[in-house]
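**Q** Here the protein sequences come in this chain order: B and A. Heads up: the first sequence at position 301 corresponds to 301 in my numbering, and the numbers run straight through without jumps. Heads up: the second sequence at position 339 corresponds to 666 in my numbering, and the numbers run straight through without jumps.
Bear in mind the hints are in silico, worked out from the structure with no lab data behind them. Do not take every clue at face value.
[What the hints assert, rightly or not] One side of the interface only, derived from the structure: several residues of chain B facing chain A at Cβ under 7 Å:
(1) A37
(2) I48
(3) I50
(4) K135
(5) T137
(6) L141
(7) P145
(8) F152
(9) V161
(10) V165
(11) I188
(12) L241
[What the hints assert, rightly or not] Counterexamples of contact, computed for chain B against chain A with all Cβ distances above 12 Å:
(13) G65
(14) P78
(15) P86
(16) Q88
(17) R94
(18) G105
(19) F160
(20) I256
(21) N267
For each residue, glycine too, the CB sits at the ideal point set by N, CA and C.
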Amino acid sequence: MPKVPLAENSKQPSLRRVFSWGRAWEEAIRLALFGCALLSVLTTVSIICILTWQTIQFFRVEPEGRPHVTVTEFLTAPEWTPSNAPEQQHFGIRPLVIGTFMVAGIASLIGLPLGLASAVYLSEYASPRFRGFVKPTLEMLAGIPTVVYGYFALLFLTPFVLKPVFQGLLGFHVDTFNALAGGITVGIMILPMVSSLSEDVLRSVPRGLREAAYALGSTKFDVSVRVVLPAALSGILASCLLALSRAVGETMAVTIAVGQNATGSFNPLETTETMTAFIVDITGGETSVGTVQDYSLYAVAASLFLITLATNVVAQLILRRFREVYH
Amino acid sequence: MSHVAPAPAKAAGTPANSNTPFTRRAIGVVFELACGSSTWVGLLVLLFLIGILIWRASGYFQGPVGVQVANASPILVVGEQSQEHLKGFVKLTGQLTVSKTGRLEFAATKVKKIRRPVEEIPPARVTLTGLAVRPSQPSPLEVRLGDLVVTVPDATTLPSENGVWQLKGTPVLNQGRLSLTGEVECELVEEQAPAAETSAELEGVATPPRQTVWGFLSNSDSTYPGQAGLLAGFWGTFWVILFTVVISIPIGIGAALYLEEYATANWTTRFIQLNLANLAGVPSIVYGILGLTVFVRMFGMFKEPGTWKVLGLAIPLPLGASVLSGALTLSLLVLPVVIIATQEALRAVPPSIRHGSYALGATRWQTIWHQVLPAAVPGISTGVILAISRAIGETAPLIIIGVPTFLQETPGDIRSVGQVFQSPGDLAHVPFSSFTALPLVIYQWIRQADPTFSVSLSAAGILVLLAMLLALNGIAIFIRSRFQRQSRW
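This is chain B alone, in the form it adopts within the complex:
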């Protein structure tokens, strides 16, 4: 522990100007801590710089056997086949985007209503004891590694639920890898997140609003649906957006369950490929540095980052406004 010597010379105009090792030490600590905080900004900056730079390279590199990829081709071409022979290589991100949003859409159809309903139950109906038991359990569900969900989708959901129902009962063909299994699993994954975030939002709606509604003769249903939910609407929207961005960025469960064939099909029972699954696929396949396949990894990652960043920023801004209203 450094000693802080008192300023002995009383002629000094201000204590501030006295140099002491103790003060230098304090200042050094302040700077070191500031450096730690700055590291998070540095992370963001380097993510943005690397993705931008390598994506530019993706459009500039001249692959052997085919003309270089143009931005128009990347955005509009209907096929994504980077591992083909150079003449048949196509770099249109559309199939990946379709796959990604189909999985995220199915996930939202499952996760958002269930998560919201459980948030309403936990905040409006449940006893504190039940809530005290359910919240940690749901947190545990959220903490399960995503590989485990991949196992669940590929080796339980598809063979034991989807195949008997859709193939056996209804007569559709179900692929071993399909978007529906991935979507349902990601839906289960985002459920605890929606539930926990929305519950916080619902509980921060002031009691006064609820009590006023009860005083006017409302039932619990009226209070929940017509007072609390509308009042918390913006916060709930933000939590849904955060969950959606999580679903878009989800990797392992989707890679395992959905497959690695960018068909761009809209049929949820068929194999498809998401952006994240492509990135895992191509890095597992040992691409060499500087090839167009290697750069395509960065281009896809940049698109993914843009989508999730936009969703997150909007959600953060909405949440901030929500907090300003009630705090």
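On the provided structure of chain B, position chain A as indicated by the hints.
**A** Using the frame of chain B, we list chain A on its own:
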């Protein structure tokens, strides 16, 4: 938020379509039931998942005795057979079937153990005898032998007419179908015969794949399911998480201290805050790409891989997919989580403690080090443990940076705790050696075609992983509840 104010008025003003007390009550009950049941969905899924895993994993440890025959797909021997006979070179007689779960099952009626010198052991051969139907088209080259559909890749050896045939070859399971590879021999036994039963004879070196739990934990990964284990994944995870903790926790706590104790509410602070919230939402795969470029490849600055000798250590440059690269990548990933959790813990320390310390003449750092940090330790450690459990389960960033999913070596070749004390020199190699991690091993198992790997082994691996996470979560909950009771304010 202009719509907030009229909402209660609307609720009170319009009894809406629920006019009678009965319908009002019915709607309320239905709504409560719907909301309550969706809460249970999450809990039931959790229970269900664990149930499935235990069911699937138990098959691996206590299923029927199986035989692993040399280079063939593993064959499950159904029926009461003494395990003693199923070791070494064996000859089995019985019926070979492909079960619904996609395994090769051998209902053996006779088991014979043959003693042979190791040099003379031929590759596993199966002899199938049965009424064969000539393939209708050359591709796919399928022969129906009774109920069994056999694929023969070599077209020249195919049965040319119907009759009782004998097929010899190495049995391999290919996409749920039995396929004969190697030198396939086809021989017509009888030309016309009444429906003959399919019979099979199998010869090869057998190892029973029944695994003990201890063997599963103490073996390295293997291509034979009977010998595969988690050791390499376990040590890899241990070292990478240890380094992640050492790197991310001081930096994370430092950043949170700056933001909570030093920073004034200006735009820089607001920007850092918003940035943190966004970083926490960046998909983990993007961190993988960051790690790949910065740590593994080091921006391609080094045209040829070299080593940098410092303090007697040979540091490879660029770092490659080593323990250190993995730990640095995971540190960036968990930093926002650690910072946000620490900030919350620091905010919960009442200002009166700080004011009291200042009033006694302590400097800012003295106040933080002696008062604020000790008071916030329970909150910080809970957050840190949760961040660690997230890092343990992360798979995607490690795959992106090129960490191998199949590896038998442990980092620094340390395979037991005792070795750390016996030869501490090995520790120096740990940060720069390649590694694999638990979730990666599980991922690799899930993707195998052989169901013993994908269904049973991976379930067993997942249970071990979940047990570790559960223990960590338990510690976090314990710390939280214990210190909540003891807090002094």
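**Q** Just want to verify: F160 of chain B was marked as not at the interface with chain A; is every Cβ pair farther apart than 12 Å?
**A** Since the minimum Cβ distance to chain A is about 9 Å, F160 of chain B lies within 12 Å and the statement is violated.
**Q** Can I50 of chain B be said to touch chain A, with a Cβ gap under 7 Å?
**A** Since the shortest Cβ distance to chain A is 5 Å, the answer is holds.
**Q** Have a go at the L141 of chain B hint: is there a Cβ in chain A nearer than 7 Å to its own Cβ?
**A** holds, 5 Å
**Q** Would the hint on P145 of chain B stand, with a C-beta cut-off of 7 Å toward chain A?
**A** P145 of chain B check passes; min Cβ-Cβ to chain A is 3 Å, inside 7 Å.
**Q** Evaluate the condition: distance from the CB of N267 of chain B to the nearest CB of chain A exceeds 12 Å.
**A** holds, 22 Å
**Q** In terms of Cβ atoms, is chain A entirely out of 12 Å range of R94 of chain B?
**A** With a cut-off of 12 Å, R94 of chain B remains clear of chain A, as the shortest Cβ separation is near 20 Å.
**Q** G105 of chain B: least C-beta distance to chain A exceeds 12 Å?
**A** holds, 17 Å
**Q** Please confirm whether P78 of chain B is truly not at the interface, meaning its C-beta sits more than 12 Å away from all C-beta atoms of chain A.
**A** For P78 of chain B, whose nearest Cβ neighbour in chain A is about 25 Å away, the distance exceeds 12 Å, so it holds.
**Q** Closer than 7 Å between Cβ atoms is the bar; does I188 of chain B clear it against chain A? Give me holds or violated.
**A** holds, 5 Å
**Q** Let's test the interface hint: is any C-beta of chain A closer than 7 Å to that of K135 of chain B?
**A** Where the cut-off is 7 Å and the nearest Cβ of chain A is about 10 Å from K135 of chain B, the hint is violated.
**Q** For P86 of chain B, is the shortest CB-to-CB distance to chain A above 12 Å, so the non-interface label stands?
**A** holds, 23 Å
**Q** Under 7 Å is the threshold here; is the Cβ of I48 of chain B close enough to any Cβ of chain A for the hint to stand?
**A** At 10 Å from the nearest chain A Cβ, I48 of chain B fails the 7 Å test, so the hint is violated.
Hint compliance for this structure: hints 2, 4, 9, 10, 12, 19 and 20 are not met, and every other hint is.
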